[in-house]
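Mind assembling these two chains? They're in different frames, but the hints should get you there.
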Amino acid sequence: MTIIARIDERSCLAHGDCAAVAPEAFRVADVAVVTGRGTEEQLIAAALACPAGAVLLVDGETGEEIDP
Amino acid sequence: MSAGLVIVGGGLAAQRCCEVLRAAGDDRPVSIVSDEPDPPYDRPPLSKDLLAGGDADVAFRSAAWYSEQGITLRLGRPAQGLDAGRRELVLDGGERMPYDDLLIATGARARMLPALERFSNVQVLRTLADARRLGTALAAGGPLAVIGAGLIGFEVAASASARGVEVTVIEAASRPLPGVLGPRAAAWLTALHRAAGVTVRLGTTVAAAVGHDAVHELRLADGARVPCTHVLVAVGVQPAIAWLASCGLQHVSVDRAGHTALPHVFGAGDATGTSHWEGAARGGTAVARALLGRPEAPPAPPSFWSDQHGVRFVCIGDPRDADEVPVAGALASGSFELDHIRDGRLTAVLLAGRPPSALRAARARLTTPDISERNAA
Chain D
1 MTIIARIDER
11 SCLAHGDCAA
21 VAPEAFRVAD
31 VAVVTGRGTE
41 EQLIAAALAC
51 PAGAVLLVDG
61 ETGEEIDP
Chain U
1 MSAGLVIVGG
11 GLAAQRCCEV
21 LRAAGDDRPV
31 SIVSDEPDPP
41 YDRPPLSKDL
51 LAGGDADVAF
61 RSAAWYSEQG
71 ITLRLGRPAQ
81 GLDAGRRELV
91 LDGGERMPYD
101 DLLIATGARA
111 RMLPALERFS
121 NVQVLRTLAD
131 ARRLGTALAA
141 GGPLAVIGAG
151 LIGFEVAASA
161 SARGVEVTVI
171 EAASRPLPGV
181 LGPRAAAWLT
191 ALHRAAGVTV
201 RLGTTVAAAV
211 GHDAVHELRL
221 ADGARVPCTH
231 VLVAVGVQPA
241 IAWLASCGLQ
251 HVSVDRAGHT
261 ALPHVFGAGD
271 ATGTSHWEGA
281 ARGGTAVARA
291 LLGRPEAPPA
301 PPSFWSDQHG
311 VRFVCIGDPR
321 DADEVPVAGA
331 LASGSFELDH
341 IRDGRLTAVL
351 LAGRPPSALR
361 AARARLTTPD
371 ISERNAA
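Chains as they are written, first to last, in our numbering: chain D, 1 to 68; chain U, 1 to 377.
In short, the hints are calculated from the structure, not lab data.
Fair warning: this is a prediction, and the values are worked out from it, not measured in the lab.
Take these hints with a grain of salt, some might be off.
Computed from the model, here is a short list of chain D residues facing chain U with C-beta under 10 Å [stated by the list, open to error]:
hint : residue
1    : 30
2    : 53
3    : 65
Glycine included, each C-beta is placed from N, C-alpha and C at the ideal position.
Only chain U is shown next, with the shape it has when bound in the complex (with noise of 0.2 Å):
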């Protein structure tokens, strides 16, 4: 019998992959490696349904599905490196699993800064047991201080605020989501925290935490002072792949098709550099449409949405260094398009409470394969 696909990483990619590959008929065994004890799970709702209180199931399928499909979890079994030239994967412990093909998963890794490691009551938000957690601090009420106003930052401030909890956003920058949103969308975002209560601090950094064993108060920069019983850190993820620090890969590259440099290896998601769950699913999608020989899908450009204060906002293509132009609506009604013009090309639009016909429309007008191409990670 043949080893079949091993899927290192038990996320959305993963879960991609395998759904492309059973629903074209396709019966290869496949073993999902996951270092996390749940099965595989949508991370979206973890800043969002999830913090407003209750337990709401975010898995992909059911613990049955799996077993149906001919699909093996091994939950709670990190990876400890890969042999490529004999096509194992070695996990935590040494055993080794023989491989036809393997898909590099592993996502993302949440940093914490390093003052505030010792602290128990600091936390970062990426996976299911960490949302639990945030959970059940915001259920004993706030203040919640959360460090960086980045996508993760700021929908966790949106859902705590509207469970009552008071927050603080501190943000390094002058301006939240930097280095992504421009200035106008940027200060219709910093409006609307504010206009639900958010306290939003912008162009600072925390200097001093105060606690013993945790942290009440956090002393800013700027002088102000932060009352807290909680703390996210929220400033960033890297890709979650020192387990492959044994086979010299810094990075994992892949093509559009999703492979790497080495033979039988392929790469998607969070592991690879991409950010969103867009890239995810397209790049999971991708490396089964390549096992199953499927030509590559069209290439399209990257995209996010977040949901925040009753609002769901979407961008689609590369909003970076750009000019904020006003196409539809008005940025005050809540109702707007701004498109994003770079070196005189479209590059994005940034769509706010606008119907699906609108979303059709703006990724009709940035799909075009040079674009597109461009701004491939």
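Chain D with its partners taken away, still in its complex shape (with noise of 0.2 Å):
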């Protein structure tokens, strides 16, 4: 399963935690950005890092959420 991470703009507040974890998968200037694939352990830590809940993980295939 490939997962993708995608920003929720509307609860991003750019508090940076996202890229401070996968600093390959996320940029963060006033909003952040997914600018690149970060690994899985990568991304389910950005997931769960986010005081916003911003970072949306999704199936690669079926387009689902996937919960960290």
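Shown next, in the form of structure tokens:
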């Protein structure tokens, strides 16, 4: 299963935790942006680290949301 | 050349405002004038990671970023006054800085208890310097006495006990986070601390402090004696706006776009009376949007989060004066959601140990214009 990360921009307040935990996958300026692929572990950690719950993880094949 | 934007205060609201302006391609001159010696940094780690030992980097950006972005940092320069008529900021020493627009973002000052002020081992926690001092005290061992079971007091208690320091928290109210958490959540949180070995003394105050230069024992109104080598006073904050007294401003009231009553003067963050990270982040962003001529972001409920003893809890909305209704999980398990109902309306959701989807769902349930507006400070 491929995990893909997306940012819920309404929830994102640029806390920056996602980029701190998975610097290859996220960049944060005024909002967070997905810039690449991190490891599955990193993406899960980023989703758990965000205080706003703004990092969504989806199954690359089905598009369904995954709970980290 | 225009005077540009002058931001008084170099914290989160200042940083957010700069980030949004520059990300939008706006290249007006920006100056950040701060009384602190450090470039803008994030405060939440001061009561968490930074106290775990070692020196975490809390700065938002490298020092080079500011010069690369055309943002002038004037550090260690307290503001002394504001001449709104001439559009000048007055610094200590009398220097006047002209501005096209000014953002008041001086944050808040932590309150000290007058009776304890004279002791050498009593402190508040607000700045990086405070956090370093507290970290050094924790490294020397304890016991630590914390006065005030608010978010800061409880986060420090959790961080200190995690590194083996004996901690006693003293709170005047009958439960922690008084006026914020309801009885169910407060009882859960108290139990979390006690299970980790923190002594929590509720419904009592400090009656006397024993010591000469340093206090070595606090005597409480309930008769208990609390030995200590260091004391943290965490009884709350007040907006740091004394420097605006000569303007006649006792409060910095802002609308949702950050405008104050003074033309070309904005406000954001704790200086305006908000008290959480999200308030300052949204406030700084709102001012940038106003300066860019963009419409306001849709209203959103206030929120805060806290990390204590390995548990993260998030509160979305205003939880005060409401009935707590469990809607998911179980308090005993450390994973739960509590709805807060006031006058028949959902005003807040408190979530602990819940997945991100639960946070988003709770925010969606709370984000309707009339509820958010009512909760706006």
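- Message: Let's test the interface hint: is any C-beta of chain U closer than 10 Å to that of residue 30 (chain D)?
- Response: With a minimum Cβ separation of about 4 Å from chain U (threshold 10 Å), the hint on residue 30 (chain D) holds.
- Closer than 10 Å between Cβ atoms is the bar; does residue 53 (chain D) clear it against chain U? Give me holds or violated. Holds. Min distance 3 Å.
- Message: Please check whether residue 65 (chain D) passes as an interface residue: C-beta within 10 Å of a C-beta belonging to chain U.
- Response: Hint on residue 65 (chain D): holds, closest Cβ of chain U at ~6 Å, below 10 Å.
Hint compliance for this structure: every hint is met.
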